[in-house]
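Chemist: Since chain H is already given, all that's left is putting chains Z, R and Y on it; use the hints.
Spelled out from the first residue to the last, the chains are:
Number of protein chains: 4
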Amino acid sequence: MSREPRTEAVEKQTGRLESFSDGVFAVAITLLVFNLQVPHLPAGAISVPALGSALLKQWPSYLTFMTSFATILIMWASHHGLFKLVYQADTPFLFANGLLLLLVTVVPFPTSLVAQYLITPAAALVCAVYAGVFVVINVAYNLLWWAAMRQRRLLHPAVTPRQVKRLTRRILLGLPVYLLATLLAFWNPYVSLGLCSCLWIFWAFAFYERSPSPRHLTGGQDVEMAPKSEA
Amino acid sequence: MSREPRTEAVEKQTGRLESFSDGVFAVAITLLVFNLQVPHLPAGAISVPALGSALLKQWPSYLTFMTSFATILIMWASHHGLFKLVYQADTPFLFANGLLLLLVTVVPFPTSLVAQYLITPAAALVCAVYAGVFVVINVAYNLLWWAAMRQRRLLHPAVTPRQVKRLTRRILLGLPVYLLATLLAFWNPYVSLGLCSCLWIFWAFAFYERSPSPRHLTGGQDVEMAPKSEA
Amino acid sequence: MSREPRTEAVEKQTGRLESFSDGVFAVAITLLVFNLQVPHLPAGAISVPALGSALLKQWPSYLTFMTSFATILIMWASHHGLFKLVYQADTPFLFANGLLLLLVTVVPFPTSLVAQYLITPAAALVCAVYAGVFVVINVAYNLLWWAAMRQRRLLHPAVTPRQVKRLTRRILLGLPVYLLATLLAFWNPYVSLGLCSCLWIFWAFAFYERSPSPRHLTGGQDVEMAPKSEA
Amino acid sequence: MSREPRTEAVEKQTGRLESFSDGVFAVAITLLVFNLQVPHLPAGAISVPALGSALLKQWPSYLTFMTSFATILIMWASHHGLFKLVYQADTPFLFANGLLLLLVTVVPFPTSLVAQYLITPAAALVCAVYAGVFVVINVAYNLLWWAAMRQRRLLHPAVTPRQVKRLTRRILLGLPVYLLATLLAFWNPYVSLGLCSCLWIFWAFAFYERSPSPRHLTGGQDVEMAPKSEA
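Protein chains in written order, with our numbering: chain H, 696 to 926; chain Z, 696 to 926; chain R, 696 to 926; chain Y, 696 to 926.
If we strip away everything but chain H, and leave its shape as in the complex, we get (with noise of 0.2 Å):
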């Protein structure tokens, strides 16, 4: 009886966070698509082949809106795996939250500044801006992820030392690669970029790893589940 009514409290407190903070994400994620000019012909000129050639030129657009688009959707994910783990907001948590919420919504900006400035000889600089937006992003998550586990003080009482540990590491193994990306960009632009947007990929493994496998979720072992499915 104890343990129900703190429970519910979980849901309370960090429901309207979590759902501001997913209204945040889908409408960053959603503007990225101003990164996609239809391109402007004289009106004389304009024919099938000289607007398909106007559009494949663009191809720089395409790229980043992609990566930056999978790169938020991972963000996401990432951040609703952590908050699962969490049961309630301090304000440094919340502060921690706004600084990442801002960050985020930050990302179409270095996106379009890559998209237009890619094939110019300004393209070490906007890679270096596109990579270092990472870095600071990969930082903002950990001081989130921080403010959260420090002394334990909002964790779920069924958090185990060993997720912790765990997220603790996946969440740091971004930082070295963006800050290398950042660097990279001065030496070859288009390393850089191609880091960035592998990088979302091998997320994506390193989240499938620690997916749980739906047998297990009725076993009541799944690390994810746990707090949820012991109350």
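I should point out that these hints are in silico values taken from the structure, not numbers from a laboratory. Fair warning: there could be bad hints in the mix.
[Said to hold, decoys possible] SDA-like mimics (lysine to any residue), calculated; alpha carbons at most 25 Å apart, straight line:
id, chain 1, residue 1, chain 2, residue 2
1, Z, Lys-860, R, Thr-786
2, Y, Lys-752, H, Pro-816
3, Y, Lys-860, Y, Val-831
4, Z, Lys-752, R, Ala-819
5, R, Lys-752, Z, Gly-739
6, H, Lys-752, Z, Phe-729
7, Z, Lys-752, R, Phe-729
8, Z, Lys-860, Z, Val-872
9, Z, Lys-752, R, Leu-813
10, R, Lys-752, Z, Ala-740
11, H, Lys-752, Z, Val-830
12, H, Lys-752, Y, Pro-737
13, R, Lys-860, R, Leu-850
Modeler: What follows is chains Z, R and Y alone, placed relative to chain H:
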């Protein structure tokens, strides 16, 4: 008792995924309005007939706005229908859903492409791109459903094989039609666009046919509601 | 016991529809801000009085922004009120709701049309379009309510005939007024726009008159809450 | 038993209002990113130093983006805090909330006004407008709280007079400060903007001070949670 917790888990695991997806659908469908541009007339030439004819000349914008809106709406309804049968998410399902959302957010782009180039010599290309995007969306939809139903891993235990077969057929149906629309664009762009515009009306009726009548709902025989009303 | 599951089904079936609709309303109402454009002054001519007068000259933007915002807000409140009486959705209802949402997302377009052409010779046309959109929205609203109440198929069992009659009357009321505003636009655009601007204040009071006083709520006699408090 | 249904009613009546408000806050905060514009350089003049200096010159955009983001975030947190104490909505409350939302969606406008005119002779005006909008928002906030608490009509029965007094004082506090910032703009725009930029940090700490420590939560003595944990 072994049934109850599992049913509870349905809400928990796909709840935030659904609300995030709803957010993306809602934003993408609302951003379509940017397709409707206020015509700019030179200050000296502003009059009721001049503005009226400028507004009427934008009919491709209105047509594609309505077609895209209706298509995203049907996609949302289908997404909603599919998620009713799913009781949990694994990584392939999450990423198939991510791909679908990416394509949903893309829709405003080919929509404004058609709006701007429908009455130009590049009409064939833009109509092919428009229908082509719906081909890819249909493929993503099939992927999502396949991720959900393979080995029945993610489906709610109460979903019947007949329901699975029916939805599989329904989702596959769109593929050849949108492929045809894509090919037709190179023969006659208007026929291609007309086919896309008509398709959603067809979906509406296909959807209607399988929609439960209110009478059946309380009897517990409705296939859609079965998982919930049985619990 | 035969009542409980049915009540539960209300939440399930219209829950995601409501949250999707809320998302569309929220995005559409927020996009209205794009109507407020920062004036561009030539670099040499920037001063406090110059910018101040440029900002004041934009008063049609501010007026239509506020009118459109208030109107969408009232529409959302009415949508909310209507859905309180509905306990499930069928296909005609879904599509009537879709039509209403389409028109809600359209509102930013006539809004910026009026903002740009109110103080030009084309004022009559843009004010007629503006009021005309609200006529069509009102028709969509009547359709939605008709889809909900025909043969009482989708209404909550506890909804009384008096409630149905009252809402029917309230929804029909707007139709002649917006029709009048549309026609008035060709006689005097300012009167037409003024009528639209005043109407939402009228809705607010109409809404107020029927709004339950907190006292009644716990007594279970409030018509709006009846379905819920009885269960 | 007479208590339970009333508590249930809280969720029902303000649930959709909160989620709609959250949607508006989430969209408005995300639209701020449009303040960050990609600089356009002539094709021949593109280089890392040229783009770098063009990006650095946009510092007013970055500063106002962050200030507006943080301020909307705090406003959302306060909105959230206020709604925790409210158990139902009447019409004046709905319209006070509507006014607040209107002003929240307006924020991107003065934000881009400051971004474009901060380093011009019109700086005084745009900073006064910027701070002035926050004055009006603060008034709307006071109205909302007044609508909620007058005669304790809408407050949850468990809310204590001390809580009411505390929140009243906290909300009134912002009014003189933003008024001061508005007046200061005509003396020194930078001081005015700096005051606005610092204020949200102050709100964060004011917020922190009253934030419940996790310890108290289970003891049921936390003021914020009291209504929920007692039920």
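Chemist: Run every hint past the structure and note whether it holds.
Modeler: Evaluation of the provided hints:
1. Lys-860/Z / Thr-786/R: Holds, at roughly 22 Å.
2. Lys-752/Y / Pro-816/H: Satisfied, since the Cα-Cα distance of roughly 20 Å is no more than 25 Å.
3. Lys-860/Y / Val-831/Y: holds, 22 Å
4. Lys-752/Z / Ala-819/R: Cα-Cα ~19 Å, so holds.
5. Lys-752/R / Gly-739/Z: Roughly 18 Å separates the two Cα atoms, so the pair holds.
6. Lys-752/H / Phe-729/Z: holds, 24 Å
7. Lys-752/Z / Phe-729/R: holds, 24 Å
8. Lys-860/Z / Val-872/Z: holds, 20 Å
9. Lys-752/Z / Leu-813/R: Status holds; Cα separation ~21 Å.
10. Lys-752/R / Ala-740/Z: With a Cα-Cα distance of about 20 Å, the restraint between Lys-752/R and Ala-740/Z holds, given a limit of 25 Å.
11. Lys-752/H / Val-830/Z: At roughly 23 Å apart (the allowed maximum being 25 Å), Val-830/Z and Lys-752/H satisfy the hint.
12. Lys-752/H / Pro-737/Y: OK: Lys-752/H and Pro-737/Y at ~18 Å, within 25 Å.
13. Lys-860/R / Leu-850/R: holds, 13 Å
In terms of the numbered hints stated before, the structure departs from none.
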